[in-house]
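S.K.: Chains as they are written, first to last, in numbering that gives the first Met the number 0: chain A, 0 to 245; chain B, 0 to 232.
Treat the hints as calculated values from the structure; they're not laboratory data.
Among the clues, some could well be false.
Claimed, not checked - Label-pair restraints from in silico Cβ distances:
1. B:Asp131 with A:Ser146: 49 to 57 Å
2. B:Ser168 with A:Arg220: 54 to 62 Å
3. B:Leu221 with A:Asp85: 21 to 29 Å
4. A:Lys121 with B:Val182: 41 to 49 Å
Unchecked claim - Listed below are several chain B residues computed to face chain A (Cβ distance under 8 Å; list not exhaustive):
5. Ile24
6. Ala28
7. Ser30
8. Leu71
9. Gln79
10. Gly87
11. Ala89
12. Asp91
13. Thr92
14. Leu95
15. Ala120
16. Pro124
17. Ile127
18. Ser168
19. Lys169
Computed from a predicted model, the values in this text were never measured in an experiment.
Quick reminder that beta carbons are idealized off the backbone N, C-alpha and C, glycines included.
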Amino acid sequence: MTADTSEAPVAALPPPAAAVSCVGLARRFGRRWAFSRVDLEVPAGQRLLVMGANGSGKTTLLKVISTLLAPSLGQLRVCGIDPAEDPAAARRRLHLLSHSLGLYEDLSGEDNLRVFGRLLGKDDLDVDPVLRQVGLERRPDPIRAYSAGMRKRLQLAALLVKGPELTLLDEPFAALDPLGCAAVEGLIAALPGAVIVASHQVVRASRLCERAILMDQGAVRWMGPAEQAVEAWRALHGGDDLQGGG
Amino acid sequence: MARTPGGPADVLRQIPMILAKDLLIEWRARSRAFALACFALTLLLLFSFAVGADAATLRAHAGAYLWMSVLLSSTLLLAQSLQHEVEGGALDTLTLAPVSPAALFYGKALANAAQLVLLTAVALPPVIALFDAPVKEPLGLLVLVSVLGCAGVAAPGTLYAALTARLASKQLLLPLLLFPLIVPCLLASVKATSLLMSGDPMGQVGSWLGLLLAFDVLYWSLCGLLFGRVIAA
Chain A
0 MTADTSEAPV AALPPPAAAV SCVGLARRFG RRWAFSRVDL EVPAGQRLLV
50 MGANGSGKTT LLKVISTLLA PSLGQLRVCG IDPAEDPAAA RRRLHLLSHS
100 LGLYEDLSGE DNLRVFGRLL GKDDLDVDPV LRQVGLERRP DPIRAYSAGM
150 RKRLQLAALL VKGPELTLLD EPFAALDPLG CAAVEGLIAA LPGAVIVASH
200 QVVRASRLCE RAILMDQGAV RWMGPAEQAV EAWRALHGGD DLQGGG
Chain B
0 MARTPGGPAD VLRQIPMILA KDLLIEWRAR SRAFALACFA LTLLLLFSFA
50 VGADAATLRA HAGAYLWMSV LLSSTLLLAQ SLQHEVEGGA LDTLTLAPVS
100 PAALFYGKAL ANAAQLVLLT AVALPPVIAL FDAPVKEPLG LLVLVSVLGC
150 AGVAAPGTLY AALTARLASK QLLLPLLLFP LIVPCLLASV KATSLLMSGD
200 PMGQVGSWLG LLLAFDVLYW SLCGLLFGRV IAA
């Protein structure tokens, strides 16, 4: 007897876990709260812009989501994993591109990518295609001789080597000239997976994202579609300090 | 059998990678190593000038001068070893890779120990020449004392370098914390080296080697356990 599979009920696949899910998240340093009561859900594959002036809590929020800092209060899940229970599993799924280079100044770009690849278990990594993808060529000199734009591209190359499900970008356009900004914008636009961009270059960063939140003095003041981010910023801060219009 | 991510197999896989990475960085910036060797040799010269032309005293204390020179130079090397990670933010990249803190500790401590052994090897010929102190016992034993002595400095030194890496006064704090801790290691290394240079008719080297080995086992275990807490803090 053969079973008729055409009528058999198909078990529904569970929806993919949100890239980031946080409830009542807060972090303090001593008696000062860097941010508090952040409720946020970033579905897999979505791009979120985190806006805010300097000191609004953007960087600390990204560091907490990246698991580099533990939250003082609240619950956090990264790609469905509780970092408090299994930090290594959460860390394997994310990458943070921060203000600091995160690479070794005494090594060349190629050496840095090879070292990073080996640590990720990619022993046979071919670095040439990755370097080409970010517009860098092989150079034997240490990266301390690189320009700000080249350093940023190398950081993005390291990100591509890891290929995370969740990418956290902290001020990715900082210290770049307009040409460098445009190049980095193109690279970010091509990133797979969920992306959270923290930037006060609102105009440029909002073009890369679907949703946005606006932080001020450690609290989320506004949340909505990225197309409305510029208006939300102007409503809170006025229009004079908008950046990144190129 | 499938490898458990983050398990002991992963730690063992990562240790040689961290070791190779640190040695590669030191090779690429080898002018630092050259400066360190010059510093160690300058200290040896200063010791000989300070003691004067008393050949018997110089010979009797040659082992002490060798180890004091290595120890004082080691603080510069150890302070530098964590600077690569802290200044450029590479420690965050390693944490998120994720590299296990134990792998990071053992990789870095092995790299530091290897560099200290090399420094001892560079400093030994001038000690023999300057202080007229030839090695009378088998050279292999002196190599063993060097390896165990340098390992005894490297393990707590790497831990304290991590503890002080973010502090403004790290160059002062590192020796202040490290030197009292490694007195047994220094004592055993100096005594064993002196016996190997002057001759060991009573066979006392073995007991000093035993003390060095016990010190190394204790501190390589203890510091490996504590390192994760130190870098998390």
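S.K.: None of the hints should be skipped; say for each whether it holds.
M.R.: Now for the hints, and whether the structure bears them out:
At about 55 Å, the beta-carbon gap between Asp131 of chain B and Ser146 of chain A stays in the expected band of 49 to 57 Å. For Ser168 of chain B paired with Arg220 of chain A, a C-beta distance near 41 Å fails the hint of 54 to 62 Å. Against the hinted window of 21 to 29 Å, the Cβ-Cβ separation of Leu221 of chain B and Asp85 of chain A comes to about 26 Å, which satisfies the hint. As the Cβ distance of Lys121 of chain A to Val182 of chain B is approximately 45 Å, the hint placing it in 41 to 49 Å holds.
Annotation: interface hint on Ile24 of chain B holds; nearest CB of chain A at approximately 5 Å, less than 8 Å. With its C-beta approaching chain A no nearer than about 4 Å, Ala28 of chain B sits inside the 8 Å limit, and its interface hint holds. Taken as an interface hint, Ser30 of chain B does not check out: its beta carbon lies about 11 Å from the nearest beta carbon of chain A, beyond 8 Å. Proximity of Leu71 of chain B to chain A is violated relative to the hint, the smallest CB-CB distance being about 24 Å (cut-off 8 Å).
Taken as an interface hint, Gln79 of chain B does not check out: its beta carbon lies about 11 Å from the nearest beta carbon of chain A, beyond 8 Å. Residue-level restraint check for Gly87 of chain B holds (minimum Cβ-Cβ distance to chain A is 5 Å; threshold 8 Å). Given the 8 Å rule on beta carbons, the hint for Ala89 of chain B holds: about 6 Å separates it from the nearest Cβ of chain A. With 8 Å as the threshold, the beta carbon of Asp91 of chain B comes within range of chain A, its nearest partner Cβ sitting at about 6 Å, so the hint holds.
At a threshold of 8 Å, the smallest CB-CB gap from Thr92 of chain B to chain A is about 4 Å, leaving the interface hint in force. With a least beta-carbon distance of about 5 Å to chain A, the hint placing Leu95 of chain B at the interface is held under the 8 Å criterion. Checking Ala120 of chain B against chain A by beta carbon gives a least distance of about 23 Å; that is not within 8 Å, so the hint is violated. About 29 Å separates the beta-carbon of Pro124 of chain B from the nearest beta-carbon of chain A, more than 8 Å, and the hint is not met.
Checking Ile127 of chain B against chain A: minimum C-beta separation of about 34 Å lies over 8 Å; hint violated. Because the smallest distance between the Cβ of Ser168 of chain B and any Cβ of chain A comes to about 21 Å, over 8 Å, the interface hint for this residue is violated. For Lys169 of chain B, the interface hint is violated, the least distance from its beta-carbon to any beta-carbon of chain A being 18 Å, above 8 Å.
Of the hints listed earlier, those the structure fails to meet are numbers 2, 7, 8, 9, 15, 16, 17, 18 and 19, in rising order.
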